[in-house]
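Student: One-letter residues, chain by chain:
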Amino acid sequence: MSLLEVKNLRVEFPTRRGTLLAIDDVSFTIEPGEVLGVVGESGAGKSLTGAAIIGLLEPPGRVAAGEIWLEGERIDNLDYEDMRKIRGKKIGAIFQDPLTSLNPLYTVGKQLTETILVHMDMTVKQVKTRAIELLEEVGIPAAAKRIDSYPHEFSGGMRQRVVIALALCANPKLIVADEPTTALDVSIQAQIIALLKRLCKDHKTAVMLITHDMGVIAETADRVAVMYAGRIAEIGDVRDVIKHAKHPYTHGLMGSIPVVGHDVDVLQQIDGSMPRLNEIPQGCAFNPRCPETTERCFVERPDLMKTEGSNMAACWKFDMERANA
Amino acid sequence: MPEGNPQSAAAGPAVLEVRDLAKHFDVSKPWLARVLENQPKQILKAVDGLSFEINKGETFSLVGESGCGKSTVAKLIVGLHRPSRGEIIFDGINLSNVTDKKEANAVRRRWQMIFQDPYASLNPRWRVRDIVSEPIRVFKLARSSEEIRDRVGELLTQVGLSPADGDKFPHEFSGGQRQRISIARALSSEPEFLVCDEPTSALDVSVQAQILNLMKDLQRRLGLTYLFISHNLAVVYHVSDKIGVMYLGRLCEIATASDLFKNPKHPYTRLLLNAIPDMDMTGKARLPVQGEVPNPIDPPNGCSFHPRCPFANERCRQESPQLQKSGDTIVACHAVEENRSS
Numbered sequence: 000m001s002l003l004e005v006k007n008l009r010v011e012f013p014t015r016r017g018t019l020l021a022i023d024d025v026s027f028t029i030e031p032g033e034v035l036g037v038v039g040e041s042g043a044g045k046s047l048t049g050a051a052i053i054g055l056l057e058p059p060g061r062v063a064a065g066e067i068w069l070e071g072e073r074i075d076n077l078d079y080e081d082m083r084k085i086r087g088k089k090i091g092a093i094f095q096d097p098l099t100s101l102n103p104l105y106t107v108g109k110q111l112t113e114t115i116l117v118h119m120d121m122t123v124k125q126v127k128t129r130a131i132e133l134l135e136e137v138g139i140p141a142a143a144k145r146i147d148s149y150p151h152e153f154s155g156g157m158r159q160r161v162v163i164a165l166a167l168c169a170n171p172k173l174i175v176a177d178e179p180t181t182a183l184d185v186s187i188q189a190q191i192i193a194l195l196k197r198l199c200k201d202h203k204t205a206v207m208l209i210t211h212d213m214g215v216i217a218e219t220a221d222r223v224a225v226m227y228a229g230r231i232a233e234i235g236d237v238r239d240v241i242k243h244a245k246h247p248y249t250h251g252l253m254g255s256i257p258v259v260g261h262d263v264d265v266l267q268q269i270d271g272s273m274p275r276l277n278e279i280p281q282g283c284a285f286n287p288r289c290p291e292t293t294e295r296c297f298v299e300r301p302d303l304m305k306t307e308g309s310n311m312a313a314c315w316k317f318d319m320e321r322a323n324a
Numbered sequence: 000m001p002e003g004n005p006q007s008a009a010a011g012p013a014v015l016e017v018r019d020l021a022k023h024f025d026v027s028k029p030w031l032a033r034v035l036e037n038q039p040k041q042i043l044k045a046v047d048g049l050s051f052e053i054n055k056g057e058t059f060s061l062v063g064e065s066g067c068g069k070s071t072v073a074k075l076i077v078g079l080h081r082p083s084r085g086e087i088i089f090d091g092i093n094l095s096n097v098t099d100k101k102e103a104n105a106v107r108r109r110w111q112m113i114f115q116d117p118y119a120s121l122n123p124r125w126r127v128r129d130i131v132s133e134p135i136r137v138f139k140l141a142r143s144s145e146e147i148r149d150r151v152g153e154l155l156t157q158v159g160l161s162p163a164d165g166d167k168f169p170h171e172f173s174g175g176q177r178q179r180i181s182i183a184r185a186l187s188s189e190p191e192f193l194v195c196d197e198p199t200s201a202l203d204v205s206v207q208a209q210i211l212n213l214m215k216d217l218q219r220r221l222g223l224t225y226l227f228i229s230h231n232l233a234v235v236y237h238v239s240d241k242i243g244v245m246y247l248g249r250l251c252e253i254a255t256a257s258d259l260f261k262n263p264k265h266p267y268t269r270l271l272l273n274a275i276p277d278m279d280m281t282g283k284a285r286l287p288v289q290g291e292v293p294n295p296i297d298p299p300n301g302c303s304f305h306p307r308c309p310f311a312n313e314r315c316r317q318e319s320p321q322l323q324k325s326g327d328t329i330v331a332c333h334a335v336e337e338n339r340s341s
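Just so you know, the protein sequences line up as chains Y and F, in that order. Residues in the first sequence are numbered from 0 upward in steps of one, following numbering that gives the first Met the number 0. Residues in the second sequence are numbered from 0 upward in steps of one, following numbering that gives the first Met the number 0.
Honestly, the hints are just simulated from the structure, not real lab data. It cannot be assumed that every hint is accurate.
To be verified - Each computed EDC-like pair below joins lysine to aspartate or glutamate, with the alpha-carbon atoms no more than 16 angstroms apart:
1) Lys215/F - Asp264/Y
2) Lys89/Y - Asp120/Y
3) Lys241/F - Glu16/F
4) Lys242/Y - Glu197/F
5) Lys196/Y - Asp277/F
6) Lys203/Y - Glu136/Y
7) Lys242/Y - Asp279/F
8) Lys200/Y - Asp221/Y
9) Lys305/Y - Asp236/Y
10) Lys261/F - Asp262/Y
11) Lys74/F - Glu197/F
12) Lys215/F - Asp262/Y
Unchecked claim - Listed next, the stretches of chain F that the computed footprint assigns to chain Y, with coverage defined by at least 3 CB atoms under 8 angstroms from CB atoms of chain Y:
13) 37-49
14) 269-278
Built from N, CA and C at the ideal position, the CB exists for glycine as well.
With the rest of the complex left out, here is chain F:
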């Protein structure tokens, strides 16, 4: 690695650094309707000022409820959306400065994405061989068709399928096998960094375990770095090194997996953990969680969580909290800062 972040040298240098990343969508009515009804523009702040870094070889997870902007972050990082504000720095290269096509291709080869729905993310009219080899062809990583064929066979074996499966079409596979194909495709350009957007949400539990085990195994063997996005806290607990909790387009807490689950600081994190069904059946009473996620087009003033927060006071209603260090975790909460969160 050419450049590293001295702060996090212990856990390996930062592969990805995100600074004040934001994505705003214009969801206004058409111009004429707006003028006639005398309405202002409506802006949906899907992601609003996100900063985090991911170190080499680790799994960083983003969790949150639907509509909190976690998938938008994934799309911003792989370049499917253009950020409204902020910077994405991949291995020391600021992506907004990369304009040359050749240079862009060289960087882009180094990350890939795995999508949620393996039924929608594979072209039904292509053979598996063509699907898996597309990145190889796009980035011109092989010299001959024999080389491509060998490489595809190798990739399919790596994800637990057989090389002969390359001749089949996606519909001949089950959901779990399809997700294996999309993992093989993601690995074909030999990336260092994988963005996984809910890779197991569409799968049954027994198949989910297979895919999670496979992803962990590949990470160990190939030294991959994952950005893992999920709403399932138990899955996140199982795979992550570090976790960022999102609420309405902002990060409210970043901590290592063990810290977050043992000692959650932000009231929203505590609410989420409290809502996980109790598989151990300890019979402990659970605090009923009040309220729902507000409309992101019109978020509350101050801290966006204050209407649901048991510790909210006047300051929380006025002033939006910033991420601050509190012990080993980073939290954005006035209550934690002022020690009135218990």
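For reference, chain Y alone in the conformation it holds in the complex:
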């Protein structure tokens, strides 16, 4: 059984000028211990997918259709209190900016012990030891001393380590990490990626890693889902998606990333930009930028289809190939 199963998820934002469809019919699964990367440009809906899973969609956004199952239990229709018990206990969360995800008024130790007390059956003394253990595990030097420090006394990288410790508090099965390294410098980013990888292996925690940075995905993920305009354009093993992208969007995206060691004079470019939510064209949302459109692309919206590799791509190209075969 998959650890997490998202079926036909649809997230809407009702506004005065009509309902915006931010996530349209997204389905995927995460297996236990697996790292699923979710990439896409800003506005593609990757963070919203994460927020929908942890039940933290900002109103007026709401899950309009679809189901989310965690360990065989449906979690998208739970009420606030029940969801609170799952959040932190079964699903941990790491957000982009460690300064805003920690409370500046409480010491790091207080925030850790509070979270542990809520979710675990432990005495106050055990909790303190556990908190120090956690800080040591995420690589904070002199953890026993630093536990009484406030977030502002830590550097950015150290704060992100504290946030990771917080997410790990109750040994969750799944961590939703939304741009965990984006606010950090490259050398610190490498440290945090290495840490996340090690911890997930040790604890057998699955991670949904949301980022716009393909490099981070290449380093960390087992599988990757590429999102475009609220839908999954391509999903598959990370190596297949990066090296043998099938969807024209993924293909263009890979070519547009400068890579050290690849001498190209002109980067491949995808002209135009992603459509706004209220201007998503009929048919395939990528059709205005796609170099390989056919008539069908402007009429019908493609679903994920099998390709020759392990990837699934939402492109009519692959339907035709199958029909011809």
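Following the hints, put chain F in place on chain Y, whose structure we already have.
Tutor: Using the frame of chain Y, we list chain F on its own:
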């Protein structure tokens, strides 16, 4: 070009020469608090003794982590900060000697800046036409409003927008298009030299590729010289001819792009290159990078990199290294100098 540097005649004469440039910020507490608590003044040495030159038609990049002073250098060069020490020589003119307003305007027209955030650098209440034509009006480069209009149309076409976009406001454009507008504005005074401070960091990758391609294309067509500032090493690799690596307000290595990436000398450069995520997925093990950038208000003695450096010895803790030639690159490192850096 009236004057050139004979040393670098092969790559074109130096357009910009920076000598021992420094910018110190006073970040002390107010006077009274300082007296009561008996504390000395605190000086943040954001840029501390930088020297480099940029040749005509090339792209020189400054890379480094946040807080290393790369943006301060950009601001010093375009004149948004006054240097605490050192000289900036633009095309043979020492900028600290230019006091006459007319003269200053004549020089200033010749360089422009592109900023990081296209949402903050365009006035939301101005039409694109007015934004793009501001330098033309300030430097009085056109005689009539028709001429301005034609020129703006031309500029917008040049950056891949249409002349009709001049009537719109910035909010009607996406991030990438806005960055095109700021490039059009920068080009409107027909500059020779552009300072680009993280021009693509706020953009998505597919849009970043468009802007980088556009900037390269413009450089080729107009013979522009770029000072490119970025923290993204892959982008820097793609655009640069020469690269300077900064750490805590100082340059630790200057080399051509191919030398720097193939044969990095300074331990910090190696650390940075090692930290780039591996897109080719070769699966090679990476040395975990230790430590973080120290507080620039209180930098370590000697070489500021020594607490993180695997080759540091007593000399590194005592003595600050100077930039020296080592093969084709210029490096500031005792370990490289003494051949104990491998």
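Student: Does each hint fit the structure? Answer for all of them.
Tutor: Going down the list of hints, with the structure as the test:
no.	hint	in the structure
1	Lys215/F - Asp264/Y	holds, 9 angstroms
2	Lys89/Y - Asp120/Y	holds, 15 angstroms
3	Lys241/F - Glu16/F	holds, 14 angstroms
4	Lys242/Y - Glu197/F	violated, 28 angstroms
5	Lys196/Y - Asp277/F	holds, 15 angstroms
6	Lys203/Y - Glu136/Y	holds, 15 angstroms
7	Lys242/Y - Asp279/F	holds, 8 angstroms
8	Lys200/Y - Asp221/Y	holds, 12 angstroms
9	Lys305/Y - Asp236/Y	holds, 13 angstroms
10	Lys261/F - Asp262/Y	holds, 12 angstroms
11	Lys74/F - Glu197/F	holds, 13 angstroms
12	Lys215/F - Asp262/Y	holds, 14 angstroms
13	37-49	violated (count 0)
14	269-278	holds (count 9)
Figure legend: structure checked against the earlier numbered hints; hints not met, in rising order: 4 and 13.
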